[in-house]
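Chemist: Use the sequences and the hints to build the structure in full.
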Amino acid sequence: MERSVIIAGFGGQGVILAGKILAQAGMEHGLEVTWLPSYGPEMRGGTANCTVVLSDAPVGSPIVDAPTDLIAMNLPSLDKFEPIVLPDGTIVANKSLIDRPVQRSDVHAHFVDVHPLAEQAGSARAINMVALGAYVKATGIVPIDVVKRAMADMLTAGGKEKFIAMNEKALDAGYNAI
Amino acid sequence: MPVNTENMIKVFGRPKSMTDVRSTYCPGCHHGILTRIIAQTIDELGIADRTVTIAPVGCAVFAYLWYKCDAVQASHGRASAVATGIKRANPKLIVLSYQGDGDFASIGTAESIHAANRGENITVIFVNNQVYGMTGGEMAPTTLIGQRTTTTPAGRDPGYFGYPIRFSELIATLDAPVYVTRQALYDTRRIMDAEKAIKKAFTYQVEGKGYSLVEVLSTCPTNWHMSPVDANRHVTEVVTKAFPLGDMVDRG
Amino acid sequence: MEERKLMRGNEVIAEAAIRAGCQCYFAYPITPQAELLEHMAKNMPRLGRTFVQAESELGAINMVYGAAAAGVRAMTSSSSPGISLKQEGISYIAGANLPAVIVNMMRGGPGLGDIAPAQGDYFQATKGGGHGDYHMIVLAPSTVPEAGELTMLAFDLADKYRTPVMILADGMLGQMMEPVALPDPIDPASLPKKEWALTGAKGRDPNIILSFDLDPEVLKRMNLELQRKYHDIEQNELRYEEYQTDDADIVIAAYGTVARIAKTVVRMARADGIKLGLFRPITLWPFPYDKLRTVADRVDTILTVEMSAGQMWEDVRLAVAERAHTPFYGEMGGVVTTPNKILSEVKKYAG
Ligand SMILES: Cc1ncc(C[n+]2csc(CCOP(=O)(O)OP(=O)(O)O)c2C)c(N)n1
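Protein sequence lines correspond, in order, to chains A, B and C. When we follow numbering that gives the first Met the number 0, the leftmost residue of the first sequence carries the number 0, and every step to the right adds one. When we follow numbering that gives the first Met the number 0, the leftmost residue of the second sequence carries the number 0, and every step to the right adds one. When we follow numbering that gives the first Met the number 0, the leftmost residue of the third sequence carries the number 0, and every step to the right adds one.
Derived pair list, reagent style DSSO-like, types lysine-lysine, alpha-carbon separation capped at 27 Å:
#: 1; chain 1: B; residue 1: K198; chain 2: C; residue 2: K201
#: 2; chain 1: A; residue 1: K159; chain 2: C; residue 2: K41
#: 3; chain 1: B; residue 1: K67; chain 2: C; residue 2: K192
#: 4; chain 1: C; residue 1: K159; chain 2: C; residue 2: K219
It is worth saying that the hints were derived from the structure and are not from the lab. Because the structure is a prediction, the values reported are computed rather than measured.
Modeler: Right, here's the structure in full:
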């Protein structure tokens, strides 16, 4: 088993952190993982993305030409990465910002209205957790409880314990949206 | 006629921490006097077994030979950075960074200023002879206006080559240094003053007070093309006008 | 060993250095290795060790020279342009027989280049970027855990041979995260004493550390000593990995992150019926010439893949000595290669 996901969006949408939490969860679940951030000017301005590979064997390339999955938080990300997702792969797309359907018919597409769900969970900033929750449900890559624990571990390490409960709600909201 | 030494009292001798290796400096050069003063200071403070000397690139490249102390030779201009590394690695050591004016005030400008600005607890002896001695008498950053060197054959024109840099004054503007002074060795009084200054600089280091810089004006009879006596007079009458003597900072 | 933690390459190298007993770390900031400085800034003072942000890379490498002379484990890190500035100090460290560890997280060059991953500093690292007849041991990690292992090893080799050791990686390895289980820390006090170090001439003759002698005959002898040391290192310290080379028709020669990308290519190619293998030098100096030559005797093609215009390629051709075809594929300027790009190159030479 090897899955790779590109998580992409605007800077500030939390795609880098979502990737780290997924990688952390994969590791805590006993998988081999790599997390690779996008580089360069991209990091500063508009778009950001990271690639997470999760495998039950040592990971070779941390760079993927064709990911099994995509989490697209905005339209430019969907435009850019939809064509390279492997057949039978999974696309989770941000319905709040993307107003076109996925054009591929050979992938599993899930549109999630992340903004209202995040706000209901307690903060508009939790859209990344909503999307991650949905992705976990759609792929079954790791149990949601492991993702919650990984999120809590990461926030605790960063001294941000007070956001754990809210982010748990956001993960659940995404998970239950599919 | 053989001399009877039986009833003589020894009043002057080689400092204990000084080796009897033959000097590599030219006749009339002040490096020799300075070397002796440093050895005497090391003796007086009883620090020979924990002193580390850093020899620069320049005429003093052999400075590791003069003392019965550990030593390392540094690349051109970097002695103050090497001193930083040694002192930080082992603060118990007494670190002497011995540098020429090209080394300290030209190629090593960044390392020199920043070691001072960090207040490294080291002692820098900065020998200002207004030329690059070792490489044959080229212009140094300290070369006087109008001074002829092999690279300023018509004399240093400040409009073209800039002015002699008063580096100790620059260092003295910083907040960290505890002691910045300029000394000379052209007569007995100056030598005694220099002895006091050098002892003070080392004492501050021993006491953990921080960075000290002792600039010492030196002759270079060879590259100034002067006799030792004329060179001495030149320091007295000319060089001290451009580089006035005295303490600039004493926060000890 | 601790349990696995998800860590960035830069952080792992810093933490591994701390665990290897690194007492002094000096550096000047540069992308993409800023996290290395940050980790050291946070942790060295806490441990009573030295972190100094130097005024320049020149300052930093010369502080390393001083600290190494004083007998402690010392390290500096930078990325390509900063490593160019360190060359003077590296030559002095090699010439003075001092142990030190230098990390280069390579980025695109020449000149200011960019901040994306590249492998353009292979020549500089392996052929002596500074002046004089010297070498340093060059270790090229290909995964984040291996970056940790090789950093610990670097300190041991530096001390064993009294020589500079470089960790040569690209920016990608510094930025990416992987699970790592680091070994327990070494107590610096437990390391063997360095009798040659500058510790104060108490009850012994002075120790003098030099890289020079103006008498050519003496300097020649010093050089011969260095060469003898390099010979020992070549005999004892070659490290490399072979992956599915046994039955291979084509073998990729690659190091660092490119090698791990190539591992994926080996699996992809084999799924397509192409017998592909991988030869990965772990020590770039010394380079495993003989080992690669025996591989060359068994295969048709050795394809060198680098993120450069073909620097390690020269060593590959020297090793192979026309026993096999030696084509090259490279990316430059911080453009990273990918599994598909490499696979399509491989297909040119298959069958
Ligand atoms: C990097 C480098 N550049 C140049 C030299 C050549 N060099 C040796 S000594 C010297 C001048 C030293 O002058 P100064 O520091 O004033 O000391 P002095 O010789 O006058 O005692 C120079 C330029 C060198 N060794 N290394």
